[in-house]
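Peer 1: Using the sequences and the hints given, assemble the complete structure.
Going down the list, the protein sequences come from chains A and B. Residue numbering for the first sequence follows our numbering, beginning at 1 and increasing consecutively. Residue numbering for the second sequence follows our numbering, beginning at 254 and increasing consecutively.
These aren't lab readings, by the way, just hints derived from the structure by calculation. Incorrect hints may have been included.
Said to hold, decoys possible - The list that follows gives simulated cross-link-like pairs (lysine to aspartate or glutamate, EDC-like), each with its CA atoms no further than 20 Å apart:
1. Lys49(A) - Glu679(B)
2. Lys7(A) - Glu579(B)
3. Lys5(A) - Asp566(B)
4. Lys49(A) - Asp444(B)
5. Lys556(B) - Glu27(A)
6. Lys54(A) - Glu579(B)
7. Lys214(A) - Asp576(B)
8. Lys638(B) - Glu579(B)
9. Lys7(A) - Asp566(B)
10. Lys5(A) - Glu579(B)
11. Lys556(B) - Glu28(A)
12. Lys554(B) - Glu27(A)
13. Lys550(B) - Asp677(B)
14. Lys251(A) - Asp227(A)
15. Lys7(A) - Asp576(B)
16. Lys550(B) - Asp227(A)
17. Lys250(A) - Asp87(A)
Residues per chain are reported as follows:
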Amino acid sequence: MIFPKIKVLHSHGWQYIPDLNAVTLTEEFRGRPVLTPTADMRDVEAAAKLCPVKAITTAPFTLDLGKCLFCGECALRAPQNIRFTNDYKIASTSREALVIKPGDERVEFHPENVREEIFKLFGHALKLRQVSAAGDASVEMELNASGNVNFDFGRYGVEFVASPRHADGVVITGPISQNMAEALEICYNSIPHPKLVIVCGSEACSGGLFAESKAIDRSFLERYPVDLWLPGTPTHPMTFIDGVMNLLGKKTR
Amino acid sequence: MKYYITDNCAKAVELKDIPEVEYAAFYEDLKERLSDERYHIAHYFARTEDTRLKFYLVLLDDEEQKVMITSFAMEYYDDIALPSLTALHPQVHPFEREIAELYNVEFDSMPWNKPLRFPFNRRNRNSTMDNYPFYTIEGESLHEVNVGPIHAGIIEPGAFRFICNGENVLHLEIALGYQHRGVENEFTSTDNRLRQTLLAESIAGDSAVSHSTAFVNAVEKLSAQVDHNLDIERTVALELERMAMHIADTGALCTDVAYQLGQVACEALRTVIINTTQAWCGNRFGKGLIRPCGTNKPLTKEKIEMIINNVTDVRRRYNEVKDDIESSPTILARFEQCGLVPKAEILNIGGVGMAARASGAKRDIRSSHPYAAYGKEISHESVVKRQGDVMSRLAVRLDEVLQAADNILSLLASYKPSVTARPDYECKLQPNALSFGLLEGWRGEICHIAITNEEGNISTYKIKDPSVHNWLGLAIAVRSEGISDFPINNKSFNLSYCGHDL
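Peer 2: Below is the structure:
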């Protein structure tokens, strides 16, 4: 029957976001934090003590986005010192850049870390193979969403493919379980050179809540260099899109 | 046989009040009860207590809203084999397999004595992911197809081994454990209640609200009574999660039969719902919303209005998608009579939730063991279908999205925001007690169990995601179907890997 379809189409209208650079997220969204030291740092100490992943240090005062699960509890404990903005541009080529310090007004991307062949070879088309290594399904769903009818990241030639042999890089989600460590390695080795490694989600960046768990094996990240770090619980599609656009030189922060 | 009888709203149970019985009596009693569809197991697990291994059973009586708890024990080093209940009632299999894997307990004549999830603390270190003992059949006309652990799409890992006769699946075996993170262990290795709450949110990211609500329910039964309005707000969050995931699955099923209009319409509708959750609490999956004894994100007048507007709009548009699917013969032809799981079969394997209701089994904690706003503000009528095919599993979703929307709208229509309680991460828990969180997530029955020690710290934490029961349902559904119909069957169940592997 055609009439119900016309109705669906009519209500659907246009859904895609014409300019991805112009996207701002709701005020409620917890993205890049801003740190303000005060003479009395007792609130920060209390927040650091409560922080479930020990992402906050008091001396010096820092907040590590690679560990942070964006629960926002620290900002409630120390409202004078920690405030989460809705800035989703929190990806970086360097793990150290994810450590936020007082006065930081953005997460530094460090384009100088990007290998030249990445711009040259993948600038117009980047095919990625995703491997979930104990990811909790939310990060995976957000990666799927980056290609959906709203975000349509495919318009820039960035897509996920089924086979590692067709891929230019691997996107790892989850803290990397022992039981997935070997499969991840096999997948990575099946990707032709040159290849990218993108870690997606705070759990992938640091192990998150499972950093100390005996069921985790993160040795992969000691053996292979990471090209892009994407914090978030889960990483918002806009964080992923912004990060990859910067990596491909289509955008500068 | 003796049980401690309680219900889903009562406080925690003192450990000394839980009867301890002999295994022989336990076996005979369950043999009888599990033949009756009114009973099924919510959880059955073991833990060490001094020199003994103590087994706890939480049994649900769906007819009288009762939760029945009992236990038995054996000396830790006893090497007697217990007669297996799985041999009589396949629904016991995940529990007996877990106990065997963790404690080396032998279950006599256990028909499917295989590793469940290869946890890091398993007894047999020689048993690894690589040597999972897949079932095999010899025959010249048969071939095997292995899929996974890494799948073609952006989803979690698991290994599927098909034995096929030509194009048709004779047998499917699903090996899981790749996602094992040691979640239960992490719960007991910390006293930081915020950390425990975040762990609950990450058990299965697509059910973050459901699992964290189950956790806070278990904690609150051990500590303080909460404001009923907080329960209402949590119910709204649960129903928003149900809407979002059912819509996502509707879209995924459309994708797999190459019906692009349904796919994109559902993608857009899901975006509206998860963005609604994000505008409420800052996270598209509801992380940060559910907290013990209070909330940082109480509803406000503006937020209520925003939720009502968005849900009303999505309800109207989803209804159009529903009409469209139901009037498209090309879609129906793919979904109807595909992947049948008869009612007797789903009861046999202990199927729960949406998949069970699609096969005619009325398993729904919202009506059988009401909690929060169910049975109070919402008189819940379960959506039950009869066929047990892919279409029925879709039809349950088609109806439940509208039902969830109606529940949200009716709850919020008369709701006056008044929640002032903030989260309490320090609250003292009742010592030496057992408490559970039991609710109906979008996938089905979620059961969390917390046992506290003398100091009031959580010393054992057990989690059961509905997927633990339902994975076997998927394996049964694809028997004798063409292997090319596996994707739509898989999507029609949409089970959790991390929720199973923990």
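Peer 1: For each hint, tell me whether it holds in the structure or not.
Peer 2: Hint check:
{"no.": "1", "hint": "Lys49(A) - Glu679(B)", "result": "holds, 13 Å"}
{"no.": "2", "hint": "Lys7(A) - Glu579(B)", "result": "holds, 14 Å"}
{"no.": "3", "hint": "Lys5(A) - Asp566(B)", "result": "holds, 18 Å"}
{"no.": "4", "hint": "Lys49(A) - Asp444(B)", "result": "holds, 12 Å"}
{"no.": "5", "hint": "Lys556(B) - Glu27(A)", "result": "holds, 13 Å"}
{"no.": "6", "hint": "Lys54(A) - Glu579(B)", "result": "violated, 51 Å"}
{"no.": "7", "hint": "Lys214(A) - Asp576(B)", "result": "violated, 50 Å"}
{"no.": "8", "hint": "Lys638(B) - Glu579(B)", "result": "holds, 15 Å"}
{"no.": "9", "hint": "Lys7(A) - Asp566(B)", "result": "holds, 14 Å"}
{"no.": "10", "hint": "Lys5(A) - Glu579(B)", "result": "holds, 11 Å"}
{"no.": "11", "hint": "Lys556(B) - Glu28(A)", "result": "holds, 11 Å"}
{"no.": "12", "hint": "Lys554(B) - Glu27(A)", "result": "holds, 17 Å"}
{"no.": "13", "hint": "Lys550(B) - Asp677(B)", "result": "holds, 14 Å"}
{"no.": "14", "hint": "Lys251(A) - Asp227(A)", "result": "holds, 16 Å"}
{"no.": "15", "hint": "Lys7(A) - Asp576(B)", "result": "holds, 10 Å"}
{"no.": "16", "hint": "Lys550(B) - Asp227(A)", "result": "violated, 36 Å"}
{"no.": "17", "hint": "Lys250(A) - Asp87(A)", "result": "holds, 19 Å"}
In terms of the numbered hints stated before, the structure departs from hints 6, 7 and 16, listed from lowest to highest.
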